[in-house]
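In case you want the letters, here they are:
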Amino acid sequence: MAEELIPIFIMGKKYMVPSSLTIMKAMEYAGYQLIRGVGCRGGFCGACATVYRLPGDYRLQIGLACQTVVKPGMYLAQIPFYPARRADYCLAELEPTFQTVVKTYPELLRCLSCGTCTKVCPQGIDVKQYMADAMRGDIAAVADRSFDCIMCGLCVSRCPAEEVQPNIAILCRRLYGKYLSPRAEHLAERVAEIEAGKFDDDLAKMKSLSEEELRKMYNERDIEPE
Amino acid sequence: MSYTPEMRESIKKVEATRPTRLHETFPMMSPQEKQAILEKFHPDYKAESMREIRVGVSKGHRMPLELADVMEGASHLTSDLLDLERIDYDTDVLIIGGGGAGSSAALLARENGAKVIIANKLRHGDANTMMAQGGIQAADKPNDSPAIHYLDVMGGGHFANYPELVEVLVKDAPLVIKWLEDLGCMFDKEPDGTMRTIHGGGTSRKRMHSARDYSGAEIMRTLRDEVRSYPEDITVLEFAPAIELIMDDKGQVAGAVLLNMETGEHLVVRAKCTILATGGSGRLHYQGFATTNHYGATGDGLVLAYRVGAKLAFLDTMQYHPTGAAYPEQIVGLLVTEKVRGLGAQVCNIDGEQFVYPRETRDVEASAIIRECTERGKGVTTPSGMVGVWLDSPMIDLLHGPGTIERALPAMVRQFDRFDIDITKEPILVYPTLHYQNGGISLKPDGSTGVPNLFAAGEISGGVHGRNRLMGNSLLEVTVFGRRAGKAAALRAKEVKLGKLTLSHVDKWQRELEEAGIENPIKSPILLPDYRRKLR
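For the record, the sequence lines run as chains Z and P. In short: position in the first sequence from 1, add 7, done, that's the working numbering. In short: position in the second sequence from 1, add 67, done, that's the working numbering.
Just so you know, the hints here were simulated from the structure itself, not pulled from any lab data. Even glycine gets a Cβ: it sits at the ideal position worked out from N, Cα and C. Some clues are possibly wrong.
Label pairs and their in silico Cβ distance ranges [unchecked claim]:
hint, chain 1, residue 1, chain 2, residue 2, range
1, P, 317, Z, 91, 27 to 33 Å
2, Z, 10, P, 297, 19 to 25 Å
3, Z, 91, P, 146, 23 to 29 Å
4, Z, 208, P, 451, 52 to 58 Å
5, Z, 208, P, 297, 36 to 42 Å
6, P, 601, Z, 78, 39 to 45 Å
7, P, 150, Z, 10, 28 to 34 Å
8, P, 318, Z, 78, 57 to 63 Å
9, P, 420, Z, 14, 42 to 48 Å
10, P, 112, Z, 233, 46 to 52 Å
11, P, 466, Z, 61, 55 to 61 Å
12, P, 153, Z, 88, 27 to 33 Å
With a Cα cut of at most 16 Å, we get these calculated EDC-like pairs of lysine to aspartate or glutamate [stated by the list, open to error]:
hint, chain 1, residue 1, chain 2, residue 2
13, P, 238, Z, 10
14, P, 126, P, 420
15, P, 245, Z, 192
16, P, 564, P, 178
17, P, 273, Z, 200
18, P, 238, Z, 209
19, P, 590, P, 178
20, Z, 78, Z, 169
21, P, 511, P, 316
22, P, 445, P, 473
23, P, 245, Z, 102
24, P, 273, Z, 229
25, P, 575, P, 157
26, P, 238, Z, 207
27, P, 561, P, 178
28, P, 238, Z, 11
29, P, 601, Z, 10
30, P, 273, Z, 231
31, Z, 185, P, 147
32, P, 245, Z, 200
33, Z, 212, P, 157
34, P, 567, P, 157
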């Protein structure tokens with residue numbers, strides 16, 4: 008299928024690429040063998056954060072290279088890595104409190120609530136709001152609101168207060184998951200049963216069955232209704 | 068980028084049948100029908116797409132042509148190219164690949180007293196684990212048991228699975244979920260803490276645990292963050308894939324040669340034990356299929372393991388996920404999670420008719436979709452020439468209440484919204500996509516491979532899934548066998564006495580290729596797919 012070629016500028020250098028491609032595929036079409044700035048290619052890993060401008064528009068725009076279609080005149084650069092500090096901590100030694108979060112990341116309190124982070128999030132997460140949740144000590148709210156974060160680092164790159172928002176968010180999510188969310192009691196019970204050997208005989212019996220016997224059992228097994 | 072007028076005509080038919088379909092689900096196939104449809108339509112059954120490997124310990128093992136070429140490849144190295152006396156890193160346990168399996172292994176190896184290095188080809192966590200959406204299976208509800216899970220796994224795998232591997236998979240499953248919960252993984256729960264679980268294809272109990280539809284991402288980032296808590300014990304190297312295993316003069320595996328992809332420098336890692344956790348091979352694009360896999364899924368570990376004598380199992384079976392995106396063009400082949408069907412969405416043809424039970428095992432479901440689009444000609448054609456069928460996502464909100472889709476499937480909503488498709492209101496066009504390597508290196512329950520001091524875990528392995536894996540058993544496999552391999556390797560490392568390092572097996576491999584008359588082999592592992600100047 009003959010396709011229209013459009014100009015894009017990769018780090019200032021012009022290439023003609025098919026107009027239907029994503030930024031990532033366009034870079035490959037242009038001849039790049041990507042090593043950095045590429046990961047899952049499906050919008051989950053945050054490796055391919057990209058910034059760009061369009062002709063006649065002063066605004067800096069953002070996108071994931073694997074999820075954003077090229078536009079004529081797109082003037083782009085990838086940000087495959089951005090320095091970010093992960094504080095030294097071990098979750099098992101922490102308490103799920105505001106003090107923990109602030110002690111681990113004291114810069115949290117430098118947040119200006121300017122909202123630049125929210126503006127650049129390719130996931131559409133309200134980063135400013137979860138930073139505000141964190142400053143209020145509402146760990147559960149941070150966990151919920153930041154959940155879809157793919158840690159691409161675009162918010163970090165644009166933050167005038169030099170925050171590392173995704174790291175604060177994952178600390179809160181882990182604190183929430185381990186200490187604050189309700190425990191699954193049935194899970195703990197099942198683990199105790201397994202450790203007590205409750206299912207060992209059943210499994211040994213299953214393993215001893217012939218293929219015919221297993222097949223029959225499988226075809227006749229009852230299926231939990233919707 | 069939203070649907071074309073032609074596609075909208077077909078969507079109207081899907082909408083017209085929806086009220087009736089909400090109460091009527093297409094019946095499941097009989098065992099005979101399943102076998103027949105697999106033989107006629109499943110890509111694994113295309114005889115001309117496979118061949119036997121001509122060298123090595125599993126000579127004669129059948130596998131896809133693309134994989135055989137890589138497995139019969141020549142080394143990037145020769146034994147005289149490197150000075151193995153110059154050791155860059157010395158460690159107890161070297162883990163090659165830092166996805167779900169490698170990271171789990173690192174944590175357990177450390178817990179058992181080992182110093183660990185994780186060598187990543189890309190970044191730590193760039194792995195299929197990160198992309199797994201739907202969930203992880205574990206029999207932790209009162210109406211379920213490891214034995215029932217066992218039966219589902221064996222049936223799903225066509226009874227070819229290695230029973231001793233399935234046994235530990237299902238028995239460790241609740242233990243692993245508890246471990247992850249304790250590490251702070253945010254599983255979907257009811258207000259009282261009960262795990263919210265649903266069905267997957269081929270499950271007889273609702274045992275699919277999830278974290279929205281970022282299940283794998285949540286597990287991966289949690290494991291990665293935990294690994295980062297122990298920088299004294301676990302060294303993480305990035306953009307440094309292994310290009311060959313090192314052996315010693317006693318015939319033991321003794322580490323690996325890594326390549327710094329950015330400087331081209333070789334690094335020698337001496338390790339008392341080595342764990343291969345390099346994942347699958349979807350980026351080899353078997354039979355030209357698009358894939359759900361991450362960029363680095365090129366089967367590197369299989370190549371390395373095979374050259375030191377690890378045996379292979381079930382590499383003639385690949386998993387084609389029934390529902391890859393077929394539209395829009397930009398995301399063709401990307402995963403549309405099975406959780407969509409788990410939540411009740413049905414599959415429909417161009418006329419809005421159901422033609423398959425929505426939760427057959429993946430191989431059967433994929434075959435039925437291929438039949439609908441080929442033999443029966445009831446698929447929907449896109450402007451780029453792809454053919455697909457409808458996955459009727461709007462049903463989910465009708466079945467479970469408004470807002471369910473946005474809450475349970477935020478990644479999918481976002482994925483399609485980027486291309487102006489609202490999956491809460493419109494169905495998704497899907498076609499099978501290359502998803503998973505069912506087979507791999509033959510394993511023991513402790514992750515050992517039969518080659519001294521070499522362990523493996525995760526998608527690289529073969530046996531646990533038999534000839535077809537069920538949804539939710541891969542996140543389970545990486546954590547179960549990652550932990551097992553990590554522990555076993557750490558314990559083994561305490562006893563290992565290494566001899567003099569050597570790459571003589573590489574020279575031997577080269578001679579074997581020549582003797583087998585394999586001319587101009589490609590250099591492997593290939594490390595990265597090459598998409599330059601291509602439109603894929």
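Worksheet item: For which of the previously enumerated hints does the structure constitute a violation, in increasing order of number?
Response: Structure breaks hints 1, 2, 3, 6, 7, 10, 11, 13, 14, 16, 17, 19, 20, 21, 22, 23, 25, 28, 31 and 33.
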